[in-house]
Structures are given as structure tokens and as C-alpha cells.
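Residue numbers for the sequence shown follow the UniProt record's numbering, so the first one is 1 and each next one is one higher.
No wet-lab data here; the hints were simulated from the structure.
Remember, it's a predicted structure, so these values are computed and weren't measured experimentally.
Where hints are given, some of them may not hold.
Calculated cross-link-like contacts (lysine to aspartate or glutamate; reagent style DMTMM-like; alpha-carbon spacing at most 20 Å) [stated by the list, open to error]:
1. K199 with E322
2. K273 with D314
3. K273 with E325
4. K56 with E288
5. K180 with D300
6. K151 with E322
7. K73 with D127
8. K199 with D324
9. K207 with E116
10. K273 with D182
11. K56 with D297
12. K136 with E110
13. K273 with D357
14. K56 with D314
15. K26 with D245
16. K275 with D324
17. K275 with E195
18. K275 with D357
19. K151 with D268
20. K273 with D152
21. K287 with E54
22. K151 with E189
23. K73 with E94
24. K217 with E189
So the derived label-pair ranges between C-beta atoms look like this [what the hints assert, rightly or not]:
25. Q48 with D245: 35 to 43 Å
26. V179 with G290: 28 to 36 Å
27. T190 with Q284: 16 to 24 Å
Here a beta-carbon is modelled for each residue, glycine too, at the ideal position from N, C-alpha and C.
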Amino acid sequence: MDSHGKANSIAAAQADFALQLLRRNKHSTVVSPFSIATALAMVYGGAQGNTKHEMKSVLAKENTDEELHQFLKNCTSSALSTKTANASGETYLEMANKVFVEAQFDILAEFSKFLESRYEGNLEHVDFSDSAAAVKDLNAWVEQTTHGHIKDLIDSSIINSLTKMILVNAAYFKGTWRVKFDQNRTNEETFYVSEGVAKRVSMMAHKTKYGFAKDSKGRVLQLPYSNEGLSMFVVLPHDRYGLRDLLSNLNGNHLLDLVSSCRTVEVDVKLPKFKLESTFNLSQTLKEMGIRDAFEDTADFSGISDNRHLLISDVVHKAFVEVDENGTEAAAATAALMRMRRAVPMHPPEVEVFHADHGYLYFIVDSTSNTIWFCGSFC
């Protein structure tokens, strides 16, 4: 397989990861699969044995470690270049990694080098025995990186004398639509949640040329941002109450095929304005996805430290998204706490109709690498 094919294979594995996260939430939600995958990949860099095997099966599938880390590194570099290229503030993507280590805890030099070279992860030594001070330092860094949108990622109650290391990824995105919605056309309309349940939403409206595709299950709308390559893709099931069915039948390859098959046509669009914040402790979710050893006494992170009593205690993720007539603002942060043991498109008619008046999925995607920065459901 050539390098392009390998990149697509990694992107499909990451898209599968995103969909697995979404399947486990039945309400409107927002997550950053890239943020979660990056925090886990930093830990994975020091995993050995069955711990490594389980993490690989979820994060990389049949791809090699090198391909996974290189893909994530390239995406990080793309985010940094996007930020630099859009200093005007129209559209930019920002992310950062940081590792907070117990002051007296020894980390292998090889692992420190790995974090710096692969993830530009800065190390900061903290005193976890003073949990209040440690939490204040960590949360201040996350809040600054996410421009004030993610506050209080970590609660002091989950840090104690056994906490040895916290790996944090924080991401922030602000995007202006290439074609903005007219605020004067936004009206209160009905949104159908489930059989017999509906709510009123502020529905934006526009008719112009957008990327569009459809298959037997649903239709896809591409809303491009002002920055070339960044778009929000909205996936709407044909069936008014078909969101769960759509999600259960969608896999990473299918999703990326739908995204790449969008063609520019005239589309009559209706899309709700919305603002969401979600907080998760992903430990149980990740166990259900197949990462079990990492959380148990059997964990093997001997590539991180000579001390063999290291395991992941929590993976905390917090994300925010706001969509309005001007564009999208989103932020996310993920912390992995480690402690000692204890479609093919159809030929379109002249104007396609895309009225998102029932549950749908959305994905903020960098089309140059097929990276899903943020995703969620609105239902």
C-alpha cells in the first residue's frame, strides 16, 4: 500500500474511533476524537505487551505504530500551520499537548524524547500531593489553550498521592463560514426529536451552492469554512427518526467515502443554531471498546517508567461547540491520568433540499488529511 493509501487507512481507523464514541451517547453531544486519540497515543507510546495490543486494535487497527504517530503528528503540524496562516482570526485551529509529571517520579529518557519529537509535548513537574495547586495549574493551561471555553477539566477529587502523570491534549477551533447565513432568515421552527417528541429551535436558512451527496441511508451537506480544506459535514438520515439506525450502520470507510463524494450543487439548506458542552469520563467507554488492560493491575507501561506499577486511572474529556450564522467555535481537552496500581452520490436535480429538522450527525473535518477534529450529534 502506498503512503496515500496508508494515510487513508489511518484516517478510516480514526473515523471508526469517532463513530464508536458517538454510538455510546444517545443525546446531543460533541467530542473531539482527535483530542482523545492524541492523549491515548501519547500513553500508547509507552505501552508494551497485551496493553499495547489492545490499544493498537482501537487506535491504529492494522496500521503500524509509526504510521499512527506520523499521522497524528502531521495533523498537529497542519493545525499549527492553520493557526499561523489565519492570524486575522477568521478561521483557525489550535492544539497543544502537555504532560504533568509527579515531581519525584522518574520517566524514561526515551519516552520523554518520544513525547517531544512526536507530539511536541512539554513536560512540567508538579507536586500531586498538593492536589489543589496541581489542578489549578493544569486547568489554567487548558483554559488558556482553549481560549476560555474549557474550564475545570480536572477536579481535585480525582488526584491523590498515587497520581503520577497526567497527559493532556487541548484543541480549539474557530471557523467562519465561507458563505455566511443571513441572520434575517433565521426563524423558530419545529425540530423532531423522537416519536411524539419535538422542540422549537432557531433554524438558519440559506440557498446557495454547497457540497452535497446522498446514499440509501441519508444525505450529506458540506459547509466549507473560510480556510481552504476545513469543512463541517452534516449527515442527515432520510428517516425522521433514523439517527440511531444510521449511526449503527456507518463505519469509518463509509463516512470518508461520503465526505469525499460531495459534489457542488445548489442546495436549499435549513440548519439549527446550537451550542453544546459535553463532559465525559471515558474509562468505561474505552474498556467497552476493547482497551481494558491499561486500566487494570495487569497494565504494562514499562516504556514510560522503570516502575512497573503504572496504569491509567481516568481519561477525562470535555468539549464545546457553537454553530451560528457566522460559523463555528469549538474546543476540547482530554486528560489521561496515570497512577500507581491500586456512497456513491446520485445525479442531483436542479436544487437539492437539506432541511435538518430531525436528528443528525456533524463532523468538522480537515479534508487534506481526512482528520475529524470535532464531531457530534444534534437530536
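Query raised in the report: Which earlier hints turn out false for this structure, listed by number in ascending order?
Result: Structure breaks hints 2, 5, 7, 9, 12, 17, 19, 20, 22, 24, 26 and 27.
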